[in-house]
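Chemist: What follows is each chain in one-letter form.
Protein chains: 2
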Amino acid sequence: MQNTYQELVRETIPLTQYMDWQIKTLSPMQIHSQTMLAPNINIHGTAFAGSIYAAAMATGWTLMKCWYDSNQYQAELVAAEANIKYLRPVTSDFECLAQITPESDALRKLISRLEQNRSCGFPVKIEIICQNQLCAILEVSFVFKCS
Amino acid sequence: MQNTYQELVRETIPLTQYMDWQIKTLSPMQIHSQTMLAPNINIHGTAFAGSIYAAAMATGWTLMKCWYDSNQYQAELVAAEANIKYLRPVTSDFECLAQITPESDALRKLISRLEQNRSCGFPVKIEIICQNQLCAILEVSFVFKCS
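Quick mapping for you: the protein sequence lines, in order, are chains Y and X.
Here my numbering = 1-based position in the first sequence + 25.
Here my numbering = 1-based position in the second sequence + 25.
Bound-form chain Y, shown alone (with noise of 0.2 Å):
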C-alpha cells in the first residue's frame, strides 16, 4: 500500500520529491513518514520551518486519502486551516506520526456525514519527531467537499 502512495504523492507533489519525503509505513489509519534533512536545510543547518511544515502536511494529507480511498467514498480533499507549534531544532533526518482515533466523535461525524454525501470537517495531528524527541506538532483541519 505504501508504494502506491509513496508513487502517487510523488507524481502529485513535486515538491516531496525535492524534499526526499518517504512514506515508512502507512495503513488507512495511520501513517510513518521520513524526510531527509539535507534539502530542507535552513541558515542554521537544522530543517526550515516551511520544509517541516510541508512534510508533516503531505504526511497528514496522505494518511487522510488513504482512509477516505479505502472505504470508497466520494470527496475532494483539501486542507482548511493549519496550526504549527515548533518546540526544539530539527538536527537530522525527521519522522512524521500520524493517526486517525479508531471510534472518535469527530470519526463517527466524517464516517455519517460522507455516507450522505455531505462535507464535513476532520483534525488531524501530526507529530514531527527528531532523534526520538518531539520537535514540531503540526494540527491541520481538513475538509471532505461532497459534490
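Heads up, some of the hints might be wrong.
Identical chains blur together in the list; that is why a pair holds if it fits in one copy or across any two.
For lysine to aspartate or glutamate, the following EDC-like pairs were computed, each having C-alpha atoms within a straight-line distance of at most 20 Å [what the hints assert, rightly or not]: (1) 110 with 164; (2) 150 with 106; (3) 49 with 120; (4) 170 with 94.
Everything labelled a hint here was simulated from the structure, so no lab data went into it.
Given chain Y's structure and the hints, the job is docking chain X onto it.
Modeler: For chain X alone, coordinates are given in the frame of chain Y:
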C-alpha cells in the same frame, strides 16, 4: 537590497530554489515575493498547501531578517508557532506580501527588548495573493533569541 537577500535565501534555504521563490521588492519594513506554480502543484493542479506555507514563511523570515540586519541587532531569528488559513485555491503563480507596521506596540516592545539584548517574540502576517485575490493568510510568531 533584494538581490543580496535573494542570494542569501536561495543559498541557505535550498527549498526556495526548487520552489522558484523570488523577491520582487524588499525594504526593512516590507516585502513582496513571487512563487511559480509549476514546481508547487498538488493533485488538483493548484498550489500544494505545504508550498503556500513555505513560500509565505520564507517571505516573513526574509522581512524580519532584513529588518534586524538593517538595525544591526544581534539575535537568532526563529519561528515559534504559525497559523495558516486557506481561503481559496491558488491556481497560478502567486505572491506573498508582508509588512512591519511602524509605531505599533509590538514593534516598540521588540526594539526596546533588543536594545537591552533580551529575547522577544514578534508576530508577522503574510498575505498570499493569486490573481488579485487573497487566497491564504499566514500568521507567524517569530522569536528573536538573544544570548
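Chemist: Compare the structure with each hint and give your call.
Modeler: Hints and how they fare:
1. 110 with 164: Classified as both; 9 Å inside a copy, 12 Å across copies.
2. 150 with 106: both (12 Å within a copy, 15 Å between copies)
3. 49 with 120: within (9 Å within a copy, 34 Å between copies)
4. 170 with 94: within (14 Å within a copy, 45 Å between copies)
Hint violations for this structure: none, all hints satisfied.
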